[in-house]
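For the protein sequence lines, the chains are A and B, in the order given. Plus 1 on top of the position in the first sequence (first one is 1) and you've got the working numbering. Plus 1 on top of the position in the second sequence (first one is 1) and you've got the working numbering.
Be aware that one or more of the hints could be misleading.
Copies of the same chain look alike in the list, so a pair counts if it fits in one copy or across any two.
[Stated by the list, open to error] No farther apart than 27 Å at their CA atoms in a straight line, the calculated lysine-lysine pairs in the DSSO-like style are these: (1) Lys121 to Lys56; (2) Lys418 to Lys32; (3) Lys121 to Lys93; (4) Lys162 to Lys217; (5) Lys184 to Lys103.
Just so you know, the hints here were simulated from the structure itself, not pulled from any lab data.
2 protein chains.
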Amino acid sequence: MKQNHSAEILCIGTEILMGNIVNTNAAYIAKELAVLGVNLYHQSVVGDNPVRLRKSLELAFSRADIVITTGGLGPTYDDLSKETIAAYFGRKLVLHQPSYNKLCAYFQRTGREMTENNKKQAFMPENCIVFDNPNGTAPGCCIQQDGKMLMMLPGPPREMKPMFDHWVVPILEKETGTRLFSKNLYFFGIGESSLESRLRELMEQSTNPTIAPYAKTGEVMLRVTANAENKEQAERLMAPVLVEINRQAGEFLYGIDVDDLQTAAVRMLCEKGLHAATAESCTGGLVSKRITDVSGSSEVFECGLCTYSNRMKENLLSVSAQTLEQYGAISAQTAAEMAAGVRRVSGAEIGVSVTGNAGPNASEGKEVGLVYVAVDSDWHKEVIELRLRRTDEDAREYIRWVASSNALNLILKTAKKFQKTLDK
Amino acid sequence: MKQNHSAEILCIGTEILMGNIVNTNAAYIAKELAVLGVNLYHQSVVGDNPVRLRKSLELAFSRADIVITTGGLGPTYDDLSKETIAAYFGRKLVLHQPSYNKLCAYFQRTGREMTENNKKQAFMPENCIVFDNPNGTAPGCCIQQDGKMLMMLPGPPREMKPMFDHWVVPILEKETGTRLFSKNLYFFGIGESSLESRLRELMEQSTNPTIAPYAKTGEVMLRVTANAENKEQAERLMAPVLVEINRQAGEFLYGIDVDDLQTAAVRMLCEKGLHAATAESCTGGLVSKRITDVSGSSEVFECGLCTYSNRMKENLLSVSAQTLEQYGAISAQTAAEMAAGVRRVSGAEIGVSVTGNAGPNASEGKEVGLVYVAVDSDWHKEVIELRLRRTDEDAREYIRWVASSNALNLILKTAKKFQKTLDK
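Extracted from the complex, chain A is given alone in its bound form (with noise of 0.2 Å):
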C-alpha cells in the first residue's frame, strides 16, 4: 500500500486543444481525484501529435507517478493516444478478444460495416487492465510499470465518466489505502461565504469526515467526505458531524444527495401526494422547464402558465385589471394573484408564480432584478421580493436562474409545510 501519490491529467486532442470543445472532462477527474486524496500538480492539453504527446508524457512522469490520460482512443487515422502509449511503455498493442467480440457484435446490431479501423479500436497495450466501455466503442485501460501508472480514458465525457468511477476509482482507492465514502448537502437561500463563516470552525477542526463547500448559481453543496473500512464506518463517522451541520446550518438545507432543487421539489410532491403548477411571467418557462427535467415529473405537475403579456394574466390568471393597473404586472400583489390563478385553473393544491424584470431595460419603471415570487395553497400563502443586482452581460440569465430556483423552492417549502399542518 502506498501513500503519497501524485498524478497529472493530460488531456489529448486537437478539438479540445483548439477550444471547440471545453474541457470538462479534467474538472471532473480534478474533483475526483482530491477526494481520494491524490496530489495534482498540473494539468495539460496536447493534439492529436505522436511526437508532442510523447514528450508530454515523459514530461508529466517526471513529475508525478499516475498519468490520466483522456481522449485519442477513436477508430480513425488521427487517434494515435493508445500507439504512442504502448511505445513509451515499450509495448505491443494485441488484440484484445472480448473488446473485439463486442466490438463485433456492436457493428452486428446497428447493421453498420465494421472497418479495418474500427477494429483498431479492440487492440490494446499487452498485459494491461483493460476496461470495458459500456457508453462507446473505445475501451480504456491501465498499465503499470517500473513505479508508473497509466490510466487511459476515452474522450466524451459520458463515456470518460462511468468508466472513470468503474475502473479507476478502485484501483486508486486501493493504491492510496484510501476508501471514500461521501454525501453532498444542498443549501439554498444563504451564500457560499455565509454558510462558511457559520460552519468555519466546524470546517477547520474535521479531518474526517472532511466538509468542503462548492458554489452553483444561487446555491452552495457541501461534501462530507468520510474515510472508512465500509459504508458502515463511515456512517457513524459522519453522524456527528452531519448533525453539527444541522444545527448551524438546517433551515437551508434542502437536501442530502439529491440532485437539485427541482429534483428534491419534485420528490417532496410525490411523497406528499401534492400537485404544482406554475405561473410565469420573467422567467419565461425556465420553472416549469427545471420542473420537468426530472423524470416522473408528469406525475405531480398539472401544467405551467407563461403570460409573458398582461392580457395574458388577466384571460387566462384572472389577475385583476385594477391590480395590474395600481400595482404593476411586477409587483408583489400581481405574483399572488398569478400564483392563485394558476391553482384554480389548473386545480393544483401548490400554485406558483414569478413575476419580475430580468432585464436588460427597466420596465415599468422597475429596476432590473425586481423579481416577486409566489406561492399559492390552502395551508400556505408567501410573496418572496428579490432584488438581484448584476449589470453584465449575463445578468439575464442570473436573474431569470435564481428567480426560478426561489420558485422551486417555494413548491419544496410550501410541499413540506403540508405535512406540519395535518401533524397538528
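Start from chain A and add chain B according to the hints.
Positioned in the frame of chain A, the structure of chain B alone reads:
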C-alpha cells in the same frame, strides 16, 4: 511584422486545477488564437504556487514565443501570478497610477474599506502595456522582452473575455500581420457530417476565406474567416464563398451572425410584426424559456402553455377528448390541435406545439424519443415527426433540446413564409 507565432495558454489557479471551476477560458482563447492564425500546441493548468508557476513559464517559453496566462490576479495572499511573472522577466512591480485611481474610486463608490491587499492590484510590472478591466478590479498587462510576449489576464471569464477581445486581439493582429473578419453561419436540420460532405470540395479549396465547422447539439455552425486589410475587402473575399454555401446548403441556413435559433426566430417575428404562442408537453416550457432568453421577446411572445396532463390539454387548449382517446397525447393529431388551440387562446398569429416522449420510459406504448412538433397559422400548417434515438443518461435532455429546436425552427420558417405569401 513577424509571422508563424506559436502560443501557449497557461491557466493559473488552484480552483481550476482542483476542478472546482471548469476551464472555459482555455477554450475561448484557443478558438480565438486559431482564428488569428497563431499556432497552439499546449494548454496547461497550474495552481497558485510560485515555484511550479515559474517552472511552467520556463517550459512554456521553451516551446512558444507567446504565453497567455489567466488567473491569479486577485487581491488575496495566494494570488501570486503578477509577482512570479514580473520576477521571471526580472522586472519590479510599480504602482500604476491610473489603475490605483480607478481602484480608489471603486472602493469609494461601494463604500467598502480598501486594504493593503487591495492596493496590490494596482501594482504592475514596469514597462508593460496595462489592460484596463472595466468588469473587475484586476487589470491585465502585456510584457514584451527578448522576443517573448506574455499576456496576463484575469481569471473570471466575464472579465477575461472582454479584455482579450479589446486588448489582446489587436496586439496579436499586429504581431501576425493578420486582420481577420469572420461570419458565423448557422444551420438547422442537417448534421455536421452531411453538411461537410456537401461542402467538402469548397472547404478544401478555400484558403482565404477559410471555412470551419463547429457542431452544437442538433445544429451546425460554419465560420467563414477572411484575412483582409479592411472590412470591405473581407466582404469581397467572402461573397463568392457565401453564394456557393447558400447554393449547396441554403435551405438549412437559418442565420448569419445571429446568436442562436431563438434569436433568429424572435428577430423574424419582430421583422414581420407577428406574434407567437407555444403549447408544450414533453419539452415542459423549454421552448418558451428559449424564446424568452432573447431580450425583447416580450414584443412578439404572447404566451406559453405547458400542458403536461391530458386534462390541461383539453381544458386550456381544447384538444378534443376524442383525439386524445383515439390517437393518444403523443400523436400528430394532438400536436396539431395543441398548436391550433394555443393560437386561439392567445390570439397570436403563429401557434407552435410539442408533444412526445422524452423518456426514460415508454408512454402510451410510444417509444422514447418519438416527438411531434406542429405549427399552426393562417398561411402555413405543418406537423413534424421526430424519432430521436438515444438511450444514455443525457437522452432526456437531448430529446427535449432537439424537440425545442425544431419548434423554434418552425416558428422561424412560418414567420419567414408570411412575407412570401403576401408577395404572391
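For lysine 121 and lysine 93, with the copy left unspecified, which applies at a CA distance of at most 27 Å: within, between, both, or neither?
within (13 Å within a copy, 55 Å between copies)
Please work out whether the CA atoms of lysine 184 and lysine 103 approach to 27 Å or closer within one copy, between two copies, in both situations, or in neither?
neither (36 Å within a copy, 44 Å between copies)
Quick one: lysine 121 to lysine 56, C-alpha cut-off 27 Å, is that within a copy, between copies, both, or neither?
within (24 Å within a copy, 38 Å between copies)
If the cut is 27 Å between Cα atoms, do lysine 418 and lysine 32 qualify within a copy, between copies, both or neither?
neither (36 Å within a copy, 51 Å between copies)
Homomeric proximity label, lysine 162 with lysine 217: Cα distance no greater than 27 Å:
both (20 Å within a copy, 21 Å between copies)
This entry does not satisfy hints 2 and 5, going by the numbered hints stated previously.
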